[in-house]
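These protein sequence lines map, in sequence, to chains A and B.
Under my numbering, the first residue of the first sequence is numbered 1, with each subsequent residue one higher.
Under my numbering, the first residue of the second sequence is numbered 1, with each subsequent residue one higher.
Be a bit skeptical, because a hint or two may be false.
In silico DSS-like links for lysine-lysine, alpha-carbon gap of 30 Å or less [stated by the list, open to error]: (1) B:Lys150 x B:Lys101; (2) B:Lys392 x A:Lys26; (3) A:Lys90 x B:Lys392; (4) B:Lys45 x B:Lys282; (5) B:Lys258 x B:Lys242; (6) A:Lys79 x B:Lys392; (7) B:Lys60 x B:Lys258.
Please keep in mind that the hints were generated in silico from the structure rather than gathered at the bench.
Because the structure is a prediction, the values reported are computed rather than measured.
The chain contents come next:
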Amino acid sequence: MSGKGIHIESLSKRYGDGDTAVFALKDVNMHVAPGEVVGLIGPSGSGKSTLLKCLGAVIEPTAGRMTLGDEVIYDDGWKVRDLRALRRDKIGFVFQAPYLIPFLDVTDNVALLPMLAGVANGESRAKALELLTALDVQHRARAMPSQLSGGEQQRVAIARGLVNRPPVILADEPTAPLDSERAMAVIRILNDMARKFETAIIVVTHDEKIIPTFKRIYHIRDGVTHEEAGEGREFE
Amino acid sequence: MISLAGRDILHAWGKFVFTGIGLGLLIGVTLVMAGVYRGMVDDGKALLDNSGADLWVVQKDTLGPYAESSSLNDDVYRAILAMPGVAQAANVTYLTMQVRKGESDVRTMVVGIAPGALGATPGWPPYLVAGRQITRGHYEAVADIATGFKLGDRLAIRRNHYTVVGLTRRMVSSSGDPMVFIPLKDAQEAQFLKDNDALWQSRRRTEANPAFNRPGVPGLLDAVIASQSSNAFVNTVLVTLKPGHAPDEVAESIRRWKRLTVYTRAQMEDILVGKLIATSAKQIGMFLVILAIVSAAIVAFIIYSLTMDKIREIAVLKLIGTRNRTIAAMIMQQAIALGVIGFVVGKITATFSAPLFPKYVLLMPFDSIAGFFAVLVICVLASIVAIRMALKVDPAEAIGG
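Model the full structure from these sequences, guided by the hints.
Below, the structure is given as structure tokens:
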């Protein structure tokens, strides 16, 4: 199956060679459609982060195939020459902590990505403001990250992940530092944004509160994934 | 594209400004050290310029009169005057000593100048800022204003007292001591004059020597004592040339026919700069190298610390697609900004503190420009460690696990 969204087939990642070889991922298959938010859950050391790094073109898989939208980005080797540009233009990241750039205000934190892609400053800031408005933090547009609450910071981080309109967003435990109410708000926002921008979102999480909100969940254990239907409770 | 370095500096401006001030004080010391060296060279050149001489005739095989002691008979100048191409030749003595000024004393170079016409006799102070030139044969003095003497002041050299009749400016020895000009005969006496006890002891020894006190030779003892009590030597003969005569040719002629050592202006400058202050210059050079290394270490440490504080942000920047050269430029621009702040503070510090130093500190624009570029180079080099570290940051560090 291919098409839009992200699609991976038989993806493997091996560390080391010979007798010391360790397979962090074994023939992982996954598909996330545009507008869909799926959960990726598993215990520590199960391979979640390795899978996220492979999907984010940060580390190279050992074998398999990955398709992003209509573009094959990996097929037993990278098919894209500029992985930095791939990460900038095609993949959005939302981290456990917001990791906003402390010396840039909220607008420029979000506008930085289009600026890095060569978009003019004014146009980049307009894009940023549009997203900040969509995420209801436009009133903090000139604030510095240190002046924001945890929830506001995470919304700004989501805006940064979305600003280049990537076909996929990888969210690494985005609700970990938040209380239940704010965690649910973040998940609601991710779902809204996924629908609004036709973005495929993969949320890595340990957070029991938000697991029931996913319609589909990928469990990963010892580098092997199993797909199952989620409850999709909050967003039915 | 926004300036990441500029934003970071504005965000943490206090850290940058205070670090820049600290660095600036170090740069200020460096500029003053360079100014001390320039001042020493300028003092030497001022000494040569103010002497008004084209040639210095000194004792054979010496580097006198400034770098080594030199002694010539005071009638040598007559023979030199007869040489082709010589316009003027004048005896001069130099004696560095403490001159009493009221209850205190001041370190000066006492210059004995031969009688002659102003502007025509080498060795005279070329201009005065107050008063008049020496017109009497004894007990008048012209003092550099840096000595602190005023017109009409009385100063004591050995057992004699002199009245200050004129003041001059920027007349200094090669070591920066201000000059006091007195008549040549007084200066010759001052070089030799002993206290009363010493004179009495000397006469007693001479009287007790049967070679000088012969019963059958009346007047011999008096003649010997008289010769011991007078000084017929000078340190150098300053020579000016007639128009159209090359200094090297006249100098060679004097060397050959009078068997004396002669230096031209260029040679004398080489002696002053290359020999007399060479050790001081090396000393200052060592200080400059050490200060440059310390400055580089400080900048490197500060930039390294600032970069370490941003390691997670750098990982995020790399993960979201920031080019390595953008991150390197951010770090380098911060190092350069630190250097610029430091240089501005240093230049202001050096400019305002230079007049407070007891010796002449000459801050040359060229040194400031060279210093500015040296600071920039040091900052760029100092940022390399931090840049290398930043470029090694794995973007995967931004992702947990």
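Query raised in the report: What are the numbers of the hints that this structure violates, sorted from low to high?
Result: none
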